Amino acid sequence: MKNSAGLHLKTYLFLLFIVLFAPLGNVLLSKGMKGVGPAKGWEPRGLFHVLSGVFASGYIWLGIGCLLAFFLAYMLVLTWADYSYVQPASSVSYAVVAILGLLLLGEKVNLLRWSGIGVICLGVFIVGHTHPRTTEKT
Amino acid sequence: MLELILLFLVVGAGTGGELCVSHAMKTLGEVHDFRPAALMQFARRAARVGSMWAGIGLMTLAFFSLLAMLSMENVSFVVPVTALSYAAGAIGAAMFLRERISRQRWLGVLVVCLGVTLVWLSRR
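Quick note, the sequences are listed as chains U and D, same order. The first sequence begins at 1 in our numbering and counts up one residue at a time. The second sequence begins at 1001 in our numbering and counts up one residue at a time.
Bound conformation, chain D alone (with noise of 0.2 Å):
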C-alpha cells in the first residue's frame, strides 16, 4: 500500500510539476545562447515566472517519494514503472499546454504503458 501511494506521488507530482515548468519555459521562449552569462540571465528570468516555481515544488515532492521508493525496491523496477507519468503527460499536455496530440503520438504512448505493465507484472 506504502509503495502504491509513493508512486502515485512520483507519477501525479512529478507530472504536474513537469507541466508547470514546461508551462514557464514556453512562456520565456526558445533559448539560441548557451553562452553561461546568457544561460544565468535565462535562469533569473526563469526565476521570476510563478509556474517554475510550483514545478519546483511538485518535482521535490516527487523527488523524494521516488527517493523512499528506492530503498524498498530495486532501481530496475522502480524507474521503469514511473513511466506511468506517459499517459498523465499527454493528457496534461493536450489539456493544459494546448498540445496536438497525433494519433500516431498517442499510439507510442499507448505502447509505452503496455511496456510499463509488463514490467509491473515481473515483480511477481
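Chain U on its own, in the form it takes in the complex (with noise of 0.2 Å):
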C-alpha cells in the first residue's frame, strides 16, 4: 500500500506518546484520590466534600493535564487508524501503569496481576501485527 511505511512510522509515534502519558496521568489520579478519600455516601454535603477536594488537588490537575495530552494524542490518531486498532495497541498502557504504581506508589502487584498484564501486552502483540486502517479513506 502507498504510503504505508509513513502510516505506520507516524502511528507508532504517536501510539508511543499515548502510552506514556495516560499512565503517568492515572499514577497522578490515584496518588490524588488516596489524599481525598473515598465518598462516605450519596448525601449532596458529602458529595460536594470530596468534589471540592478533587478540584484543590494539585496531583489531580497534573493528572488530568497529563490526559488532556493523551487525549489530544489520541484524537489526533484516529484521524488516520481505526479505532479498534488504536485501542487495543495502547494497552501497553496497563503494564507502565503496573510499574509506575509500585515504582511511585508503592503498591504491592502479585504475581498473578503481573502474569494478567503479560497476557494483556500478549494481545497487544497480536493486535500490533494488523494493519492500522481498514475503512476506506473519506
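Treat the hints as calculated values from the structure; they're not laboratory data. Do not take every clue at face value.
[Stated by the list, open to error] If the Cβ cut is set under 8 Å, some of the chain D residues that face chain U in the computed set are:
1. Leu1019
2. Ser1071
3. Asn1074
4. Ser1076
5. Val1079
6. Pro1080
7. Gly1089
8. Val1109
9. Leu1114
10. Gly1115
11. Leu1118
12. Ser1122
[As the list claims (entries may be wrong)] For lysine to any residue, the following SDA-like pairs were computed, each having C-alpha atoms within a straight-line distance of at most 25 Å:
13. U:Lys10 / D:His1023
14. U:Lys34 / D:Thr1060
15. U:Lys10 / D:Ala1094
16. U:Lys40 / D:Thr1060
17. U:Lys40 / D:Phe1063
18. U:Lys40 / D:Met1072
19. U:Lys31 / U:Leu102
20. U:Lys10 / D:Asp1033
21. U:Lys31 / U:Trp61
22. U:Lys40 / D:Phe1008
23. U:Lys10 / D:Leu1097
24. U:Lys34 / U:Lys10
25. U:Lys40 / D:Leu1007
26. U:Lys31 / U:Lys10
27. U:Lys40 / U:Gly53
28. U:Lys34 / U:Phe48
29. U:Lys34 / D:Leu1002
30. U:Lys34 / U:Leu67
31. U:Lys10 / D:Met1040
Note that the structure is a prediction, hence the values are computed from the model and not measured. The beta carbon of each residue, even a glycine, is placed where N, CA and C say it ideally should be.
Got two chains here, each in a separate frame; can you build the complex from them with the hints?
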C-alpha cells in the first residue's frame, strides 16, 4: 500500500505518546484520590466535600494535564487509524501503569497480576501486526 | 457492588464516548498540518460536530467514575480491569463505525480480555 511505512511510523509515534501520558496521568490521579479519600455516601454534602477535595488537589490537576496530552494524541491518531486498532495497541499502558504504581506509589503487585498484564501485552502484540486502517479514506 | 457499578460506568460510558469521538474525527478527516494555528482551526471544526460533544459528555462521566474507583482501589488494579472496554470497543467499532475487524485482531482482543480476567482474579 502507498505510504504504508510512513503511516505505520506516524501511528507508532503517536502510540508512544499515548502509552506514556495515560499511565502517568492515572498514577497522579490515584495519588490525588488517595489523599481525598472515598465518598462516604450519596448525600449532596458528602459529594460536595469529595468534589472540593478533587478540584483542590495538585496531583489531580497534574494528572488531568497528562490525560489531556494523551487525549490530544489519541484524537489525532484516530483521524487516520482504526479505533479497533488504536484501542488495543494502547493497552501497553497497562504494563506501564503497574510499573509506575509499584515504583511511585509503592503498590504491591502480585505474580498473578503481573501474569495478567503480560497476557494483555501479548494481546497487544497480536493486534499490532494488523494494518492500522481497514476502512476507506473519506 | 458499588465498585461493579463504577466499573460498568467506566467501561460503558468510556467506550461509548470514544466511539462518538472516533465517529466525529472520521467525519473531520485526517490531520496533515500539525502547526498550532492549524490544530486550533481543526479544534474549532471539531466543536461543531454533535457526536464530539456527546463523546465528551460520556467520557466525563467515565472519568469521574474512574476517580471514585481510584479512591477505593490501587491504580495497578483499577486501570487494567477497565480494559474490559476492549470487547465493547471492538463490537462497537464493527457495528457503529463499520470497521472490518480481522480474525487476528479479534484474537488479540480476546487475549487482552484473558489478561484482564487474571488481573481481576489477582485481587483475591
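| query | When the nearest CB of chain U is found for Leu1114 of chain D, is that gap smaller than 8 Å? | reply | OK, holds: Leu1114 of chain D within 8 Å of chain U, min 5 Å.
| request: Let me know if the C-beta of Ser1071 of chain D comes in closer than 8 Å to any C-beta of chain U, holds or violated. | output: 4 Å, holds
| request: Would you settle whether the hint for Val1109 of chain D is holds or violated, based on the nearest Cβ-Cβ distance to chain U being less than 8 Å? | output: Interface hint status for Val1109 of chain D: holds (6 Å vs cutoff 8 Å).
| Hey, Lys10 of chain U versus Asp1033 of chain D, does the alpha-carbon distance stay inside 25 Å? | 13 Å, holds
| task | Verify the interface restraint on Ser1076 of chain D: the C-beta must sit less than 8 Å from at least one C-beta of chain U. | result | 4 Å, holds
| task | Please work out if Lys34 of chain U and Thr1060 of chain D have their alpha carbons no farther apart than 25 Å. | result | The given pair, whose Cα atoms are some 20 Å apart, holds under the 25 Å limit.
| Taking the closest Cβ pair, is Pro1080 of chain D under 8 Å from chain U? | 5 Å, holds
| Regarding the pair Lys10 of chain U and His1023 of chain D, is the alpha-carbon distance no greater than 25 Å? | Roughly 21 Å separates the two Cα atoms, so the pair holds.
| said: Between the alpha carbons of Lys10 of chain U and Met1040 of chain D, is the straight-line distance 25 Å or under? | reply: 20 Å, holds
| field | Holds or violated: Lys40 of chain U to Thr1060 of chain D, with C-alpha atoms at most 25 Å apart | value | Holds - the C-alpha atoms of Thr1060 of chain D and Lys40 of chain U are around 22 Å apart, at most 25 Å.
| query | Any CB of chain U closer than 8 Å to the CB of Gly1089 of chain D? | reply | This hint holds: Gly1089 of chain D lies near chain U, its Cβ roughly 5 Å from the closest one there, short of 8 Å.
| task | With chain U as the partner, please determine if Leu1019 of chain D meets the hint condition of a C-beta pair closer than 8 Å. | result | Where the cut-off is 8 Å and the nearest Cβ of chain U is about 7 Å from Leu1019 of chain D, the hint holds.
Consistency note: the structure conflicts with the earlier hints numbered 24 and 26.
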